[in-house]
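So the chains spell out like this:
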Amino acid sequence: MSRRILAPLTCLAAAAALTACSADGGDGGDGLTVTANSTDRVPMDAVVAAFQEANPDTEVTVTYADTDQLQSTLRTQLSSGTAPDVFTVWPGNGNPAAVELLAPSGYLADLSDMEFTSRIPEGDRPVTEYEGATYVVPVTYSGIGVIYGKEALADLGAEEPTTWSELIDLCGTARDEGVSLLALGNQTPWVTQLVTYALAGTTVYADNPEFDEQMAAGEAAFADSGWQTAMEKYLEMEEEGCFNEDPLGTSYEASVSNVAQGDAVGLVQVATTLSQVQSEAGDTELGMFALPATDDADQTLMPGSVSAAYGLNAESADSAQATAFVEFLASPEAQDIYATEGGTLTALPDEDREIDPALTTLTEFQTEGRTVPFMDQRWPNPRVQQAHFTVVQQLFAGDVTVEEALTEMDEAYEAE
Amino acid sequence: METAMATQAQSATPAGSKSPPRSPKGGRGRSGRTAVPWWFVLPALAFFAFAALVPSARGALYSFTDWDGLARDYAFVGLDQYRALFSDGNARSALGHTLLIAFAVTVVQNAVGLLLALGVNSRIKSRNVLRVFFFAPAVITPVVTAYLWKYLYSPQGAINAALDSVGLGAVGQDWLGDSDIALWSVVAVIVWQFSGYSMVIFLAGLQSIPQEIYEASDMDGAGPFRRFWHIVRPMLAPALTINLMLSLIGGLKLFDQVWVMTQGGPGGATDTLSTVIYREAFQFNAFAYSTAMAVVLTLFVIVLSGVQYGYLGRQEKRNS
Chain Z
0 MSRRILAPLT
10 CLAAAAALTA
20 CSADGGDGGD
30 GLTVTANSTD
40 RVPMDAVVAA
50 FQEANPDTEV
60 TVTYADTDQL
70 QSTLRTQLSS
80 GTAPDVFTVW
90 PGNGNPAAVE
100 LLAPSGYLAD
110 LSDMEFTSRI
120 PEGDRPVTEY
130 EGATYVVPVT
140 YSGIGVIYGK
150 EALADLGAEE
160 PTTWSELIDL
170 CGTARDEGVS
180 LLALGNQTPW
190 VTQLVTYALA
200 GTTVYADNPE
210 FDEQMAAGEA
220 AFADSGWQTA
230 MEKYLEMEEE
240 GCFNEDPLGT
250 SYEASVSNVA
260 QGDAVGLVQV
270 ATTLSQVQSE
280 AGDTELGMFA
290 LPATDDADQT
300 LMPGSVSAAY
310 GLNAESADSA
320 QATAFVEFLA
330 SPEAQDIYAT
340 EGGTLTALPD
350 EDREIDPALT
360 TLTEFQTEGR
370 TVPFMDQRWP
380 NPRVQQAHFT
390 VVQQLFAGDV
400 TVEEALTEMD
410 EAYEAE
Chain P
0 METAMATQAQ
10 SATPAGSKSP
20 PRSPKGGRGR
30 SGRTAVPWWF
40 VLPALAFFAF
50 AALVPSARGA
60 LYSFTDWDGL
70 ARDYAFVGLD
80 QYRALFSDGN
90 ARSALGHTLL
100 IAFAVTVVQN
110 AVGLLLALGV
120 NSRIKSRNVL
130 RVFFFAPAVI
140 TPVVTAYLWK
150 YLYSPQGAIN
160 AALDSVGLGA
170 VGQDWLGDSD
180 IALWSVVAVI
190 VWQFSGYSMV
200 IFLAGLQSIP
210 QEIYEASDMD
220 GAGPFRRFWH
230 IVRPMLAPAL
240 TINLMLSLIG
250 GLKLFDQVWV
260 MTQGGPGGAT
270 DTLSTVIYRE
280 AFQFNAFAYS
290 TAMAVVLTLF
300 VIVLSGVQYG
310 YLGRQEKRNS
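Same order as they appear, the protein sequences are chains Z and P.
Heads up: the first sequence at position 136 corresponds to 135 in numbering that gives the first Met the number 0, and the numbers run straight through without jumps.
Heads up: the second sequence at position 306 corresponds to 305 in numbering that gives the first Met the number 0, and the numbers run straight through without jumps.
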């Protein structure tokens, strides 16, 4: 082979080898690598900028990926030793990249000795710990409720409903005015769970706060529990015309647009969706209320839990840069930046912090201890959540009964 | 007349479809002339083995373990994953959908592709523009077309709006949300995207048929149908074989379009083996189980395409 060809090839090979060295993650080398969910791009970028301002010598590379891609890539990286230093970890269980799945395999560093662990609210400890040790730094707190346009609700001559009867009446009022009270995008699987969660918060946990523990002990089941009431009320809302037409053909994006364009008054969503609705709706003033499930307003509970959380790669535990970044994520400064940019609440409470008025209700419920963790965070495996997605779609298609749906969820709960 | 046409067709077999000369013993000889191409193939074969064959074989080994894709160790469990697979209702349902999609896509895509090829092989002035127009969807990434169609299929989307605007609003459907029609809506997208691809292969076959044969058939007084049946059909056999093979394999492996448009929903109505494999591996952490499923899918593809290839090969020989 001529030298003219060999020379560039040699350079190329050398460049590839060098690139491979510098791309090696998890060793806390020259730079810090972070992987986050693409929905958190704006707040994470802001936090990284603040961190780099305080640590100008540290180069931080952040990779963003959608939930599916992030979960599948992360597992490959972890098992092959190429995972980033700090990465998104889902609180609790029931998810392929959740604390209770990654910690037992030894992929997460134990953060119990860090200062922030004493500031984690008692109610959130179960979803940040595994066998008594803390494995993630919780960053945001979110809740599930009805995000709505205040003007749209006022146009109906109504106020936030606080009881089930008021809610059903309001559905009729909205329908008579030619709009839907709630946009529902059940074509997108993860959206299917939100209304059930919002209803089950009250129908399951108001009377039986120990339900999750009873499920884990095999003393309770979805069938014949408050879940049955929640599912039945979900279908009743559909029958009463609370939702837009064809929820199974409507995606999450379309449901957000329905609210922004005034075709629906609001939608049942996680609080983090507020910023997306706001960006599409312009200057419209938004609010959020808990979805009532009974006629006793005092009984209403709201699903609320740690939303975004980050873990430290066990192989990066000795890296000063990586531990400094994790500690920074727990600082009041970073928590404030993250929550402000993401339009949500901080996971580590800060009484001095100013809160988005739209999140007032969620804050009140959090402060009064009237929240329950997102249900899937307490489930033993990801199959239960998937079964939940599937059966809700089947319920809306009329393919299964509520009893059959709950039996399927119970079977998924029992699966290994 | 038929005999004359058949003889001419035989003598004018396209050069591309002729078999290479064989040694007296029936196989390739060991002479230097035939041995050289094997040396040429070796580098590519070595790379293919390194990048595809070896990892696939190693991956298949996991189907005999209980590995969850994360744990640092695992145990061999024999055929347990395969036993679980055959008693899994979701997998059976997904297999049914996969076979249905593969069959529908193979038949409809090739029928449409053949009609398009016959159309643009005629002497109409706009044939070149039409060829580009029909082939264009095939060069777009399937994920992009799937997002486009997801929007078009939405209840307030362009399809229902168009039907409404011409007074056919009652025909409008919840195309992806109705579990009875969602699967067919997905099939329609694949047919729309890849019929042009089949068309190009058929077109290549059509253009390799010598003009003299058509002229001879004209002189024999053959009409368009007889000409298609006795000349075009047998001489398109190699193109048909390739098209049927590719569309069948594509249909069996289908993932992208389903995942983007429905993620297997509503309620599992469009789940295919590939979407179930993905979910088992990356959402349920059942890596070994999903590998067993992938092995079964691979065997399905090999067996079905082998049977199809054997049958079509015999048909080709009979035609020639």
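Any given hint might turn out to be false.
[Unchecked claim] Beta-carbon label-pair distances, calculated as ranges:
1. Thr297/P <-> Asp206/Z: 34 to 42 Å
2. Pro331/Z <-> Ser86/P: 35 to 43 Å
3. Ile301/P <-> Trp189/Z: 32 to 40 Å
4. Gln68/Z <-> Phe47/P: 36 to 44 Å
5. Pro379/Z <-> Arg71/P: 29 to 37 Å
6. Gly240/Z <-> Ile301/P: 24 to 32 Å
7. Pro55/Z <-> Arg82/P: 57 to 65 Å
8. Glu252/Z <-> Leu162/P: 21 to 29 Å
9. Leu162/P <-> Gly240/Z: 51 to 59 Å
10. Asp317/Z <-> Phe47/P: 51 to 59 Å
11. Val138/P <-> Gly171/Z: 28 to 36 Å
12. Val53/P <-> Pro356/Z: 34 to 42 Å
13. Pro379/Z <-> Arg57/P: 40 to 48 Å
[Unchecked claim] Example chain P residues on the side facing chain Z (calculated, C-beta under 10 Å, incomplete):
14. Ser153
15. Ala157
16. Arg226
17. Phe227
18. Phe286
What the hints contain is simulated information worked out from the structure, not anything from laboratory work.
Even for Gly, the Cβ is constructed at its ideal location relative to N, Cα and C.
Of all the hints numbered above, which does this structure not satisfy? Sort the numbers upward.
Result: hints 1, 2, 4, 5, 6, 9, 10, 11, 12, 13, 15, 16, 17 break, sorted rising.
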